[in-house]
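Each chain is listed here by its residues.
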Amino acid sequence: MFDLSSILSEQVITVLWTLLKIVVIVAPLMLSVAYLTYAERKVIGAMQVRVGPQRVGYKGLLQPIADALKLMFKEIILPTGANKTLFVIAPVLSIAPALAAWAVIPFDDGLVLSELDAGLLYILALTSVGVYGVIIAGWASNSKYAFLGAMRSAAQVVSYEIAMGFALVGVLMAAGSLNLGDIVRAQDGNILTWYWLPLLPLFVVYFLSGVAETNRAPFDVAEGESEIVAGFHVEYSGMTFAIFFLAEYANMILIAALTSILFLGGWLSPFQGIPVLDEMTAWVPGLVWLLAKMSIFLFLFLWFRATFPRYRYDQIMRLGWKAFLPVTIFWLFVEGIAIYAELGPWFDGVLGAAS
Amino acid sequence: MTSILFYLFSAILLFAGFRVITAKNAVHASMFLILAFFTTAALWLLLEAEFLAITLVLVYVGAVMVLFLFVVMMLDVNLEPLREGFTRYFPAGALVAATIVAEMAMVLGGRYFSSENFPAPVPHGADYSNTKELGEQLYTVHVFSFEVAAAILLIAIVAAIGLTFRQRPSSKKQNIPDQHRVSREDRIRLLDIREGGEA
Chain A
7 MFDLSSILSE QVITVLWTLL KIVVIVAPLM LSVAYLTYAE RKVIGAMQVR VGPQRVGYKG
67 LLQPIADALK LMFKEIILPT GANKTLFVIA PVLSIAPALA AWAVIPFDDG LVLSELDAGL
127 LYILALTSVG VYGVIIAGWA SNSKYAFLGA MRSAAQVVSY EIAMGFALVG VLMAAGSLNL
187 GDIVRAQDGN ILTWYWLPLL PLFVVYFLSG VAETNRAPFD VAEGESEIVA GFHVEYSGMT
247 FAIFFLAEYA NMILIAALTS ILFLGGWLSP FQGIPVLDEM TAWVPGLVWL LAKMSIFLFL
307 FLWFRATFPR YRYDQIMRLG WKAFLPVTIF WLFVEGIAIY AELGPWFDGV LGAAS
Chain B
205 MTSILFYLFS AILLFAGFRV ITAKNAVHAS MFLILAFFTT AALWLLLEAE FLAITLVLVY
265 VGAVMVLFLF VVMMLDVNLE PLREGFTRYF PAGALVAATI VAEMAMVLGG RYFSSENFPA
325 PVPHGADYSN TKELGEQLYT VHVFSFEVAA AILLIAIVAA IGLTFRQRPS SKKQNIPDQH
385 RVSREDRIRL LDIREGGEA
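Protein sequences appear in the order of chains A and B. Reminder that position 118 of the first sequence reads as 124 in our numbering, one-by-one numbering, no gaps. Reminder that position 100 of the second sequence reads as 304 in our numbering, one-by-one numbering, no gaps.
Quick caveat, the hints were computed from the structure, so don't treat them as lab data. These numbers were taken from a predicted model, which means no experiment stands behind them. For each residue, glycine too, the CB sits at the ideal point set by N, CA and C.
List time: in silico EDC-like cross-link candidates among lysine to aspartate or glutamate, alpha-carbon distance up to 20 angstroms:
1) A/LYS90 with B/ASP280
2) B/LYS228 with B/GLU288
3) A/LYS150 with A/GLU233
4) B/LYS336 with B/GLU252
5) A/LYS27 with A/GLU121
6) B/LYS228 with B/ASP280
7) B/LYS376 with A/ASP320
8) A/LYS27 with A/GLU16
9) A/LYS76 with A/GLU46
10) B/LYS336 with B/GLU254
11) A/LYS328 with B/ASP382
12) A/LYS27 with A/ASP115
13) A/LYS150 with B/ASP280
14) B/LYS377 with A/ASP320
15) A/LYS65 with A/GLU46
16) B/LYS336 with B/GLU351
17) B/LYS336 with A/ASP188
18) B/LYS336 with A/GLU121
19) A/LYS27 with A/ASP114
Examples of chain B residues lying across from chain A (beta carbon under 8 angstroms, computed):
20) VAL265
21) GLY266
22) LEU271
23) LEU273
24) THR335
Derived Cβ-Cβ restraints for the label pairs, each shown as a range:
25) A/VAL30 with B/ASN229: 38 to 44 angstroms
26) B/ILE361 with A/LEU37: 44 to 50 angstroms
27) A/TRP23 with B/VAL345: 39 to 45 angstroms
28) A/TRP23 with B/GLY313: 42 to 48 angstroms
29) B/TYR332 with A/PRO34: 32 to 38 angstroms
30) B/VAL275 with A/TYR64: 49 to 55 angstroms
31) B/LEU357 with A/ARG61: 57 to 63 angstroms
32) A/ILE50 with B/SER214: 49 to 55 angstroms
33) A/ARG318 with B/ALA309: 53 to 59 angstroms
34) B/VAL311 with A/TYR41: 56 to 62 angstroms
35) A/VAL18 with B/VAL311: 38 to 44 angstroms
36) A/PHE314 with B/ALA360: 34 to 40 angstroms
37) A/THR91 with B/ARG372: 38 to 44 angstroms
38) A/VAL98 with B/LEU256: 22 to 28 angstroms
Next up, chain A with everything else stripped away, as it sits in the complex:
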């Protein structure tokens, strides 16, 4: 009896410890989402020669908090004829994969919730599950606009997932591992040994597919407000809408983190291998470098939105199937040849490590 209780308490402690770690990851993530919306409004405002939010708090810094409070206290409206269960489940289906994917993201060497061996596959599976929230929301709302948005989004996400998957295949060929930590360690060296250089086409395809997967401008036909009001979440109000919003921004941050980890060396310092600078910046923790790299991509997300007009639906499909997919397949062949030729400094150890 004593043994059983000690085993149980051990498991309870493990569960509690894991829950604590999850809070430590999710709480800053939610805060980042809030301030990403602030950054978005400020950056796009600056690009369009406006000031952006400035009334609430110093230079508008409390604006996201005010917005969050407003959304929380708004009434949640269930449309007549909506499928109530699915209508409520849809936002949950949207946010759960967006948060669960963070379990395998390494923030620094060894600083990861779950050192999963098939981490890359797990990420790919979860990002593909995220589309259910959108489809179910569109269908359960019993609204034509929402349904059209959901259909567009489903087709778009399924199409871009293929190019995205192939780009990931390129990374795993080069690193010889599906473990995200090992992928970063395989890029160790200096800024030129990171995978952005040998896998440049895959890097570009991956990030642009990521923009398309998160339904962000210029690929945001799923919520094209000029044609279908707001797309799949047109019937959602208050907190249910806020959850879709959170999921979209959490996914943006996730794509930024993944691109940094897979192609820009994750937590590795950009000054590695440079004699004086490397020693001067040795005290900077890896997390800072990762966050800096993520900020670059997040800024790109906002920059795209302020710059490009929305793609037409057929152009999106054409880009995904006829441009991105052939490019990735071609580059996989090039990479395969490079691996067999043991092209240094990126591919010289791959064959030996695999066998």
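We have chain A; now place chain B onto it with these hints.
Using the frame of chain A, we list chain B on its own:
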């Protein structure tokens, strides 16, 4: 602990499978099918088959069921008329079901599938990579059957496209190269308009 999880997931799986065929709404049925896939993946995880489990979610939940749901939503099937002949066809259905149950009982209860032949898998160490093991098996021992499967899939893709692809003369589509070749002169005509209405 593992057996508690096993029975929990099995119960959810059976419930989901039952609801797939009893749900009145086709979309609900598809959602329960997705739940069934998820719980199956969880059961496979208990067997340390993490690669297969994640691939099941990726392929079936992430791709196949999305397209499935797509079609089910577009068609908006009403299942009520399909249920009308339930009592009339019930004896035949029961007979088929009984046959299947008896066959499965014979196969699973026989000596090939007895629990002595399938002992619980020995837990592997933390450095054991299921993915690597599977890859090595597929590309060395089973490479021939793997390639045959790939060729069959390719033929199926070509056949599916060949069967469904037909060009209707009435269908409208954009010619993208034509759109790219458009110059300013094709679209814009400058008019010299003077005050007072004389052109």
